[in-house]
Structures are given as C-alpha cells and as structure tokens.
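**Q** In order, the protein sequences belong to chains D and X. With this note's numbering applied, the first sequence corresponds to residues -8 to 466, in that order. With this note's numbering applied, the second sequence corresponds to residues -8 to 466, in that order.
Mixed in with the good hints, there may be bad ones.
Identical chains blur together in the list; that is why a pair holds if it fits in one copy or across any two.
Simulated crosslink set (SDA-like; lysine to any residue; CA at most 25 Å straight-line) [as the list claims (entries may be wrong)]:
id	residue 1	residue 2
1	436	126
2	436	333
3	436	231
4	436	325
5	436	162
6	436	328
7	436	210
8	436	338
9	436	43
10	436	334
11	436	455
12	436	326
13	436	327
14	436	324
15	436	340
16	436	4
17	436	206
18	436	426
19	436	3
20	436	419
21	436	342
22	436	337
I should point out that these hints are in silico values taken from the structure, not numbers from a laboratory. Model, not experiment: these values are computed from the prediction.
Take a look at the letters that make up each chain.
There are 2 protein chains.
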Amino acid sequence: MSTSRPWRAGAASFGDDMRDVTRWLERHREGAHTQRVWSECAPGDVLDALPTTVPTAPVSVTTALDDIDRWIVPGLVRWDAPGWFAWFPSNAQEHALLGDVLGAAMAQQGMLWISSPACTEVEIRMLEWLRQAMGLPDRFAEGGPGGGVIQDTASSAVLSCLVAARDRATDGLARDQGLHAAGPLTVYASDQTHSSVLKAASIAGIGRANVRAVQSTADGAMDVAALSDTIRADIESGCRPIFCCATVGSTASGAIDPVDTIATVCDDHSIWLHVDAAWAGTAALSARWRDVIIAGADLADSWCFNPHKWMGVNFDCSCLWVADRVPLIDAMSVTPEYLRNDPTDSGGVVDYRDWHVQLGRRFRALKLWMVLRCTGTQALADMVDHHVALASHLADEVNASTTWTLAAPVSLGLVCIRHVDGDDATQAGINAVNADGRFAVTHCKLHDQLVLRVAIGSLDVERSHIDALWGVLQG
Amino acid sequence: MSTSRPWRAGAASFGDDMRDVTRWLERHREGAHTQRVWSECAPGDVLDALPTTVPTAPVSVTTALDDIDRWIVPGLVRWDAPGWFAWFPSNAQEHALLGDVLGAAMAQQGMLWISSPACTEVEIRMLEWLRQAMGLPDRFAEGGPGGGVIQDTASSAVLSCLVAARDRATDGLARDQGLHAAGPLTVYASDQTHSSVLKAASIAGIGRANVRAVQSTADGAMDVAALSDTIRADIESGCRPIFCCATVGSTASGAIDPVDTIATVCDDHSIWLHVDAAWAGTAALSARWRDVIIAGADLADSWCFNPHKWMGVNFDCSCLWVADRVPLIDAMSVTPEYLRNDPTDSGGVVDYRDWHVQLGRRFRALKLWMVLRCTGTQALADMVDHHVALASHLADEVNASTTWTLAAPVSLGLVCIRHVDGDDATQAGINAVNADGRFAVTHCKLHDQLVLRVAIGSLDVERSHIDALWGVLQG
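With the sequences and hints as input, model every part of the structure.
**A** This is the structure:
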C-alpha cells in the first residue's frame, strides 16, 4: 500500500504509532513535575535547532518524537506543572485529551447540521448538561429561544455577541450598509475588563475610542453609578449605547461585577448585556460558589466561560450561551447556494456555522462528553473547592506576614499580593519565584501598584507547592 | 490518589485509556469503508439517544466509548470515506492526528512568545517549510517584513486581513474612532468568491452592500476589466476601495482568478490583495500545478490555504502569509498590563496573538511538523497528482457519455457535471448517488443550472470508487 500510495504510509502503522505516542506522552507528563516551568530558551533558540529547509524524505514517527525531545521540548512552558500560577490555568486534563483525540480522528466538519448531525447534537446536549450543572438560567436552555455553542475563545465569543448587538441595535443597517451609515455606537466595560472587548470593538468597526472604560470601585468591580452616568452622557452627546460586558472574575484580580444591577441599567437602554466569566465560570460547578458566579445571569443576553481555563479541558473550548439566538444568526448567517440543504431550509435544525465567525468547526463537544462522563461534575466541584482552599491557605500566610500583603480580596483561586516595601520589592519577589524553576507567576497592576498574581488552578497543585512558593517569597 | 483528588482519576489510567481509545479508533477507521457516508439520522435522533440530564457519577472510559458507538457514531458523516466527494475534502491524516495529540497534551498556550517559545517558533518554521515546498515568494519568508501564521479557518484569515486593510486604508481611523467616522469603504471579490468575504465585511462593519460581486467570465474566473470598471465607478461615487479577494480554486467549480492582472489593478489603487486558495493551495506541493497555484502570489498582500482541506491535516489548520505584518499587528494588538513582558517589549519576538482575532492559541504547528516530516512533501505531491488523475479519468467518462456533460472545465480534483436533460435529471443523479450509501456529493449552480460536484480528495479514493460512482450515475 505504501508503495502505490505513499501518503497513506501512516495509515498502515497508525495503531502502533499511537502506542508510541502514548508512551512518549506518559514520559512527557512526568516532566510537569521535574522540568523547569518557564522555558530557558532565548528568542531564536528553537528556530536555530530546527532544520532550515523542508525535508524531502520522510522519517519514522519515533525519529520525529526524538527530534521533538531534542528541539522542541526545551522551548515548552510547562502550563501543566503543579507550580503553574501564571495568568490563568490552562490544562490538558486526561479525559478531555481522550475526547479531543476521538473528535479529531472522526474528521467531522460541524458547520451544518447535515454535515455532522452528531457534532451538532452532542454539542447542543453538552452545553445543556453544563448549563444544568452550573445552575445557569432556563433562558439559555436547549430547546428554548436561545441556546449554547462552543466558540474557540472568549475573544471570539465577545466579538460574535458584539456584532449581534450592533446589528440588532441598528436594525441590520451596520450589517448591510456598514457603520459609516450609522451614528457612533458605544460599548461599556469596566477598567478591569479583559482586552478582548477593546479588540472586538476594533474589529467590529465600532472603534476603540468608543469603548468606555467605566471606573471600578476599590475592590475592582464595575461602579454601576458611573456606568449609568457614562451612558447618560453618551446619549446626550449623540452616541448610541449598544453593548456592555460585565466581568465575573477579572483578569487582574478576579473581581466580580454586580451583574444584576448592571442588567437593570442595560435594560433601561436596551443595551446587550454580555457576561464574561472566562476563568471564574468553572466555579459555578461547586455549590459553594454557584450563586456568586451566576448572579444576574438570568438578566444577561449572553454568558460565556472557558472550560479550557480552570475546568481542565484542553484548548480550545469556550462555552457561550445566548438568551435569543436570532440576532446572532442574523449577524453571522450567509448562505450561498453550495451550502443549501433541505434540513437547513426547513428551519428545524441548528447550523452552528451561523453562531460564530468561522464556517468550519471541529468536534469539540467530545472533550466535554469525556470530562462530564468520566471525570464527573462532582469531581470538578471538588477540584474548585480544593483550589479555593489553597488560595485561602496562602492568604492566611500572607495575612500573618510582615513583608507581603494582599493587594485585593482573594477571589476564588486567585491571590494578588504585593510587598510592603513597594514595587521594587514586589518585582524582586516575582523574579525570585520565576527564577526558582518550579513555579511561574505573572504580574498585574492594581491602584498603580505592582502586584504578584498567584492563580491557583493546576490539576496537580497541593498544599506543599503553595508552601514551597511561600518559602521562596519569604526569601 | 483518586480518593483525595477525584479529578485526577483519569491521570492514573491515562496510558491504558489511550490504548483503549487507540483500539477503538483502529476499529472505527475501518468504518470509513463500510459505514454509510451520510448519516441516516433525522434531526433530533442523536439528542433523543443522549441522556437528558447531566450525569453525576463518573463512568469508565470503556463505557463512554461504548456509548459513543451506540449514540454518537450513527450521527457521524464519514468525511473520511473513500467515496467522499461532497463540498471539499476534510481529512484526518494519521500523522497529523499524532501531531494533534502531541500538541494537545503539551497544553501550550501560544498567545505570546514567552508563553510558549516552542509553539511560536515551530509555527514560524513550519510556515517557512510550507512556503518553500509550495514555491511561495520570498516576500512571505521567515525573517522578512511579513511571515506566516496558522489561523483556524480561511474565514478568520480573510477577516483578519480585511480588518488590517481597513485600518491601513483609514490610517487607524476605523480602528480608533470607528467606521462611522470614515466614508463608505468597498471590497471586491468575484461572484464566485466564498461567502466568507461577505461575512467578514459584515463583521468588520463595512457592510454587505459594499462588497462588490464582480462578474466572472464563462469559466468562473474574475473578469478583470469588470473589476477595474467597478473600482473606478466606486471612486467616482465617493467610495474608498480597500480590499480585493482573489480566489484560486472557487468553491463552486474550482475556477482560478487571474491574480497577476488583478494585482495590477489593486496596485493602481492601493487596494489590499488577498488570495484565497483554501482548497486548491495544496496543489502547489506538486511541481505540475505549482505555477498555476502561486501565479501572482508575489504581488499579493496576503495568501491563504487550508491544510485541513486537501492536505489531509485534521481541522483546524489554515495557513496565512502576509507580505507586511505591521498592518495586521496594528489592527490586532491590544496589550494590557497583565500581558506585558520583556521579550514582547523588546520587539524582538513574534507574539502570534497579534496576528488574529483570538488571544489564546493551540499548538497546531505540530500537526504540520508530523505530516511534513513523517509523510513528506513528495508523498503529498503524489497524492495531489493521484487525485487530479482520477478527476481526469472521470472527465473522460463524462466526455464519452451522452447523458452527462461537464458543467465547467475540470479544475485539479474537482469535476462539475450536469445531466443533459436539465436540472431535474441532475437532481435525480445527486439523489441516486447520495442514496447509495457509499458516496456523498453536493451541488452548486453554474450559469443558473444545477450542477453535481465531484470533489475528489479522499486519502483512500481509488479508481474503483470513481468507476462505482460513475456506475450509479449511469443508472
């Protein structure tokens, strides 16, 4: 077979190659506990190691794996290390991996219902399972006027919703004639909101200057009075407010906006309310945190969280629910002749290509299938509680210390600290932790002060790792 | 371990579970030759099979796999079947799968260079290897003012380039102040261009009405005189032409626009020229077709093709090259404090999050790594030639027949045919093929006539499958 069809050489040995890859992965996974967390590579080191010209003759899979060890592994950052406290967790939980492999190998293209009924309907149900497990409101339920969809990232999700809001507010004018025919539109988010809102407004033609960074209160949550004032001032000056992004778990400090009161303001002005719970959303799986996370969700037009952050599902997997799918589909649907088919024409099926930017789509719901079935929601809730307990433990150490202090209230698994001697000392702490090899931390600024963020969410993190981190900070 | 950390139960058995999944996949892959290609499920069948409520207690991986067989496999469409002739090929070549598994398990987040030097630099080099193998011009080379990036889909790639063009043409006004502050912008593509251009213009706030569907000539290629006339008329009426998408291999019939003459027109008006070779681009790996595919690429601002179509790489993997990365980065870059880092501030590294819509990104370059190294470019070129030869064989049969006729010139592996008795007879042929069980075909319209498309690109397709298809059409 390989003589006549050399491009199928890999098919003949697939099972054996997969077993080789599995052995490689079993070994590689141990490296999460031993390899330095940050790569020691300098810019260009990986490039220098790789062959400069495209190879013409094929090599064996085992050779390719050896080369990965030699050339690529040194350039990896161990996001899977127990000492990973940087940015936010982004794991590759094993059941998710199995689902990802299965989905990839099934080679489905879920753009239309007819192009993969399984990809479409498993996704519908997995979003419904998650909705139930997280206690999200009925307005997002399967079978209702809204529903759920897997987006690649929260950035794409907020862009999709912003465009839907833009087109709804302009009654299709922005979509059909373009924004030059509309007046200035304005978008609201707090000064702690993720940069994806600014990027989305930029992509959607609304303009970065028309994103209002509403001031936050001392704890980092949006000041709703300021939101209300800003909206009123914008309306008076001829702008049209269309979209507000509330954050449940801000990137810097995990601050949680008061979604319910924000919703009241949005409702007064027919503003689309989107909730970005990209990181914190997973905590709704735990009964202890559910009410905090989903507060106000029953008043939101759209609600998003990323299983590829805290929930352990490997990238990419961002879950978006909308209360009304019509404006989203109105914004995203373009149907040329070659995509027409009877089920679509009947209006009785979900064609997920109309729910986001992309046309093609991967069978990502199988990752959720494997995690929800084989790990289970109780175990995930236990994981959340474990991480929050570790954060609380670290906060206790900080509170008892004379050198470090909390820079913000602890939010779930996120602990923000600063050195009492100021930014230079905080930076020295960050440097010491990152130089140690076992840990990774990143920074933010709060109230103009440098902050060391400890984002606890590794699948393998234990109290010993927190204590070791604290040991380094104690110098 | 599983008692104290139930969310890690999957970690303990990962190797064994992967071997179970591998055995499942070995069996499942055989189904590509025996299972009906289109699913027989009606809307709701998969949903009806799945449990309605989220399970609380975990099940074993083998149970989850059994349930996939029972509930999910019937809803799969066998895009991997040798008789897959619908839309375009979308395969899951085995070496690509191995790379995908490796990349997923490494849990990298390639948003910044510092968040994964390996993810970033392997991607840079794989795009360079592909550029070399396809003969793409030096303007797209690694180390130059442009470069390559993996996008998820050609839809996202054209959106990214359109936004970059929009912001370049308005000197940042659209990005910063919004399009309401700019005059009407216009976009050009032929009436055969993929719907993603219309969708991108809609998302970017330019408006669908400002996308000019330039007429195509009898063979489906853009009429450059018409393009030139349309641009001139738009300028006279106060519009600002900013972007043109040329298609190399149209979705309907595989028509190839004259990129070089289009480029001359675009150059006269400083219009960004994007080339969409999503499907046909893979043919540049074959020396026989390279010149046809890359003609004019040295005059394009951006050039895109999807290895997840004809090249066999499993979804998603769309390669985009730009001649100048500055406008793309100017459009897409937003850097909040928490993403700042020394290598980024130095300007000496590539941060790929600034090259597309999303912030997070998967280690997709490993799929290309495995395919280019373990399958090799010669084998891929042989595959292209094989598919083109099969298309030629089918065309010979059609040309010798009195019932079917070519509806367009054969383009690479795509054969468009229609019945001489008209649309009803063509539809009957489409129905017969799709009812057979071994095949999938889809339709398009050319010159207002219904067309049966035979898109040959399955990894396993042989002359016998073409002959069997032709047998069904002979009725």
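**Q** Work down the list of hints and note, for each, if the structure agrees.
**A** Checked hints:
1. 436 / 126: Intra 33 Å, inter 47 Å, cutoff 25 Å: neither.
2. 436 / 333: Classified as between; 16 Å across copies, 54 Å inside a copy.
3. 436 / 231: Classified as neither; 32 Å inside a copy, 42 Å across copies.
4. 436 / 325: Classified as between; 16 Å across copies, 43 Å inside a copy.
5. 436 / 162: Neither, since 40 Å and 31 Å both go past 25 Å.
6. 436 / 328: Only across copies: residue 436 and residue 328 sit 7 Å apart there, 52 Å inside one copy, limit 25 Å.
7. 436 / 210: For residue 436 and residue 210, only the intra-copy Cα distance (13 Å) is at most 25 Å; the inter-copy one is 59 Å.
8. 436 / 338: Answer is between: at 22 Å across copies they meet the 25 Å cutoff, but 49 Å inside does not.
9. 436 / 43: This pair counts as neither: shortest intra-copy Cα distance 41 Å, inter-copy 45 Å.
10. 436 / 334: Between copies only: 19 Å across chains, 52 Å inside a chain, cut-off 25 Å.
11. 436 / 455: For residue 436 and residue 455, neither the intra-copy (28 Å) nor the inter-copy (66 Å) Cα distance is at most 25 Å.
12. 436 / 326: between (46 Å within a copy, 13 Å between copies)
13. 436 / 327: between (48 Å within a copy, 10 Å between copies)
14. 436 / 324: Close across copies (20 Å), not inside one copy (41 Å); limit 25 Å.
15. 436 / 340: between (47 Å within a copy, 24 Å between copies)
16. 436 / 4: Neither: 52 Å inside a copy, 42 Å across copies.
17. 436 / 206: The answer is within: 15 Å in one copy meets 25 Å, while 54 Å across copies does not.
18. 436 / 426: Within one copy only: 21 Å inside, 62 Å across.
19. 436 / 3: Answer is neither; intra-copy 55 Å and inter-copy 39 Å both fail.
20. 436 / 419: Within one copy only: 15 Å inside, 66 Å across.
21. 436 / 342: between (42 Å within a copy, 21 Å between copies)
22. 436 / 337: Classified as between; 20 Å across copies, 53 Å inside a copy.
The structure does not agree with the numbered hints 1, 3, 5, 9, 11, 16 and 19 stated previously, though it agrees with the rest.
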